[in-house]
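Undergrad: Could you put the whole structure together from the sequences, leaning on the hints where they help?
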Amino acid sequence: MEFDHILIRYGEMALKGKNIKQFINQLQQNVQQKVKDFPNVKVKRTQGRMFVLLNGNEPEPIMEKCKKIFGIQSLSLAIKVDNEVEKVKEAALYALKQEESVNTFKVSVKRINKDFPVRSQEMNQVLGGHLLSKTEGITVDVHNPDVEVKVEIRKEATYITSGVTRGLGGLPVGTSGKSLLLLSGGIDSPVAGFLAMKRGVEIEAIHFHSPPYTSERAKQKVLDLAKQLTKFGKSIKVHIVPFTKLQQEIFREMPDAYAMTIMRRMMFRISEEVCKKEGILSLTTGENLGQVASQTMDSMHTINEVTNYPIIRPLVTMDKQEVINISHDIGTYETSILPYEDCCTIFVPKSPKTKPKRDKVNYYESTYDFSPSIQEALEGIETTKITDKTLDSFSDLL
Amino acid sequence: MIYLDNSATTRPDPSVLESFNQVTTQYYGNPSSIHQFGGLAEKLLISAKTQAADLLHVDKEEIIFTSGGTEGNNIAIKGIALEHQNRGKHIITTEIEHPSIYEACEGLKKLGFEITYLPVNEQGIISLQDLKNAIREDTILISIMHVNNEVGSIQPIEAIGEIAKQHPKLFFHVDDVQGLGKVPLNLKKHGIDLCTYSGHKIHGLKGTGMLYVNRRIKLFPLFHGGSQELNLRSGTENLAGIVAMVKALRLIKEKEKNEVSKMYELQQYIIQEVKKIDCVAVNTPEKAAPHIVNISVPGVKPEVIIHMLGEKDIFISTKSACSSKLKDESKVLAACGFKADRSTSALRISLSYDNTMEEIKTFITELKWAINEFKQALE
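One line per chain: the protein sequences are A and B, in this order. Per our numbering, residue 1 is the first one in the first sequence, and the count goes up by one each step. Per our numbering, residue 399 is the first one in the second sequence, and the count goes up by one each step.
Hint data in this document are derived by calculation from the structure and do not stem from the laboratory. Quick caveat, the model's predicted, so the values are computed rather than measured. Worth double-checking, as some hints may not be accurate.
[Claimed, not checked] Taking beta-carbon pairs under 8 Å as the criterion, some of the chain A residues facing chain B (in silico):
hint, residue
1, R217
2, Q220
3, G331
4, L398
[Claimed, not checked] Cut-off 27 Å, straight-line C-alpha distance, at most; resulting in silico cross-link-like pairs (DSSO-like, lysine-lysine):
hint, chain 1, residue 1, chain 2, residue 2
5, B, K586, A, K231
6, A, K68, B, K651
7, B, K651, A, K389
8, A, K385, B, K441
9, A, K44, A, K89
10, B, K773, B, K759
11, A, K68, B, K655
12, B, K458, A, K320
13, B, K674, A, K42
14, B, K655, A, K389
15, B, K655, A, K65
Built from N, CA and C at the ideal position, the CB exists for glycine as well.
TA: This is the structure in structure tokens:
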């Protein structure tokens, strides 16, 4: 006896009224994409349910993949057996035994197939009795059980599940349009990307690279972070902007205290151009209110002036620790803290302005023509498509 | 040559050696060096780690590259003991572990630790009740091998994991050097906190190994230094060896999926044929790993058989290579309850996925011949 499929439940999506079909289709597509490497695994839908048929594959690795898909409320491993009482008993016992630290359980039978000879109530008792007699130290609790063994007797077969694993919730990636994530390589921006994806947003990423001040490894780190994010969604295009010249000019020509603000404005300008080119309608950043000099209210006000594209700032009101916790959960923390310089850390002015003013910045910017360097940066953009399989040039060695 | 001593070590896979050569000639930079050439080596190291983690279904931050099984076992046992000794100084293991577990535990005794060695039955399996009884308030570690290296018995790791889970204060280490690529093991599901692997048992190279360490676990490192391997194992990484091992891991995982039944067939054939030989007793239990057959020929000195077969270019071993030098008796067979006539006359045949039925048939013929010769000489 073995779990032979995974039952997928979608929560909030059920509320989406007329659009529900589109949401569910996207979810099915996303699930299919994630499990396509496992031989013979199929994703099916029947009557408001989605199933992943394991067809002989180990359930855990597939479960792990599915746990990272947005739009899923919860998942359960399930067994399908013929509509025979003895087989259902055996499967129910197996399902119960797979659960850890169980003291109490209850059985819930749904008899959708009225041809099945035993009625639901009676079947509850038959199964409950069987489970009690075959286990030790476990009792029935119908109100607050540790495990609910669910049995659905349908026309074609009976399905048995026990445990419930929480999914990530949210909406299927691909249902809310696209956003361009400013990915620096720190702790915050990957988390911001993750949270945008949670609302169904598909992302592309942009990174500002300043060799030789920042190394190849800093760039690699960004690609690695993007790859980690693909586990929660689709492949991600990463746009690497050669930023050295523009950055040098800013720090040479602009007053020290305003250099950081102006640099951020340049990043937004360039990002907006990339959006236009790629048909993207918003930016996503890891900005957080009051964290560092460039992230005060004044600073945001001044930087935001250069674009009227919506800016998604999922972290804006979070505490640092909350962000770190998510970063651990999604597996980006270890990569984020690798100690390579990025373009924001290398040119840190001695005393950046914490309350930069729009009029002053505009005045300073008007004293120098940055447009050739902006143009040059835009033209030098290298775009890499990262998928969850992107290995690197080493796959032949390994 | 017919090589049937694959539990001692295996022939490095040619494609694995190719990777080794390529890495050691082209990517010899130090992964910790800050320049681009070092960066390339670091990138390769991370790729290798990611692949290993994917193949073992764990996170890449949970893999430590080591120099082999002995080191992995030592880091696990001593690392837990030294880090968590304030919590308790009691360790539970079995009577049939590899010497790198046994001796590490004996060493810890000198530092005031208490060790419980669980006995095994004739099938080489511990009793779960014994384990439950042995767990105390101050137990900090259970260390139990998955597949025994001499007889091939498989411990009920899943059930042991369930017991360990009920005691959140203790850690559970598994020595899976012999099981890797032959008997599946689910690290996360079975509540395993640490697990030791070796490269040269899976057609990688000597001097390579891996230790799985669940990310929530702290260990006291045995090697302090330049903070490599998450600070748990300092020392410049043996990148070529690591890449070779991870490739070997990928290859053996494929074989485990597709060819393990063929290996079981060879094993069953050996068992069935040696049973027909007068006075040969099979020590390997019925439910065993596919690659090990342990037999005894009471009254016949095993070394003589080894040398007679050796002259025919057939290589098998007595007990495990690691303890063969110690004394005549197999500790493992004695622990299984076999009397001296059997525990001092054991031979171990261990297979790889490369062995063929033809080789096995030749081996059986020559074994019969050798035993016969030996007996006639005595008469």
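Undergrad: Does each hint fit the structure? Answer for all of them.
TA: Right, here's what the structure says about each hint:
Nearest Cβ of chain B to the Cβ of R217 (chain A): about 5 Å, under the 8 Å cut. The hint holds. Here the hint on Q220 (chain A) is kept, as its CB sits about 6 Å from the closest CB of chain B, short of 8 Å. The closest approach between the C-beta of G331 (chain A) and any C-beta of chain B is roughly 7 Å, which is under the 8 Å cut-off, so the hint is satisfied. At a threshold of 8 Å, the smallest CB-CB gap from L398 (chain A) to chain B is about 5 Å, leaving the interface hint in force.
A hinted pair counts as satisfied when its Cα atoms are at most 27 Å apart, and K586 (chain B) with K231 (chain A) qualifies at roughly 19 Å. Taken as a hint, the K68 (chain A) and K651 (chain B) pair is honoured in the structure, with Cα atoms around 25 Å apart against an allowance of 27 Å. Our distance criterion of 27 Å between C-alpha atoms is met by K651 (chain B) and K389 (chain A), whose separation comes to about 19 Å. Note on K385 (chain A) and K441 (chain B): the hinted pairing holds, with a Cα-Cα distance of about 18 Å set against a maximum of 27 Å.
Pair hint K44 (chain A) plus K89 (chain A) holds up; C-alpha atoms about 26 Å apart against a cutoff of 27 Å. Our distance criterion of 27 Å between C-alpha atoms is met by K773 (chain B) and K759 (chain B), whose separation comes to about 22 Å. For the suggested pair K68 (chain A) and K655 (chain B), the alpha carbons sit about 26 Å apart, so the restraint of at most 27 Å is met. Between K458 (chain B) and K320 (chain A) the CA atoms are separated by roughly 25 Å; this keeps the pair inside 27 Å, and the hint holds.
Restraint check for K674 (chain B) and K42 (chain A): not satisfied, since their Cα atoms lie roughly 48 Å apart, outside the 27 Å limit. Proposed proximity of K655 (chain B) and K389 (chain A) is supported: the alpha carbons are some 21 Å apart, at most 27 Å. With a CA separation close to 20 Å, the supplied pair K655 (chain B) and K65 (chain A) stays within the 27 Å bound.
The structure fails hint 13 only (numbered hints given earlier).
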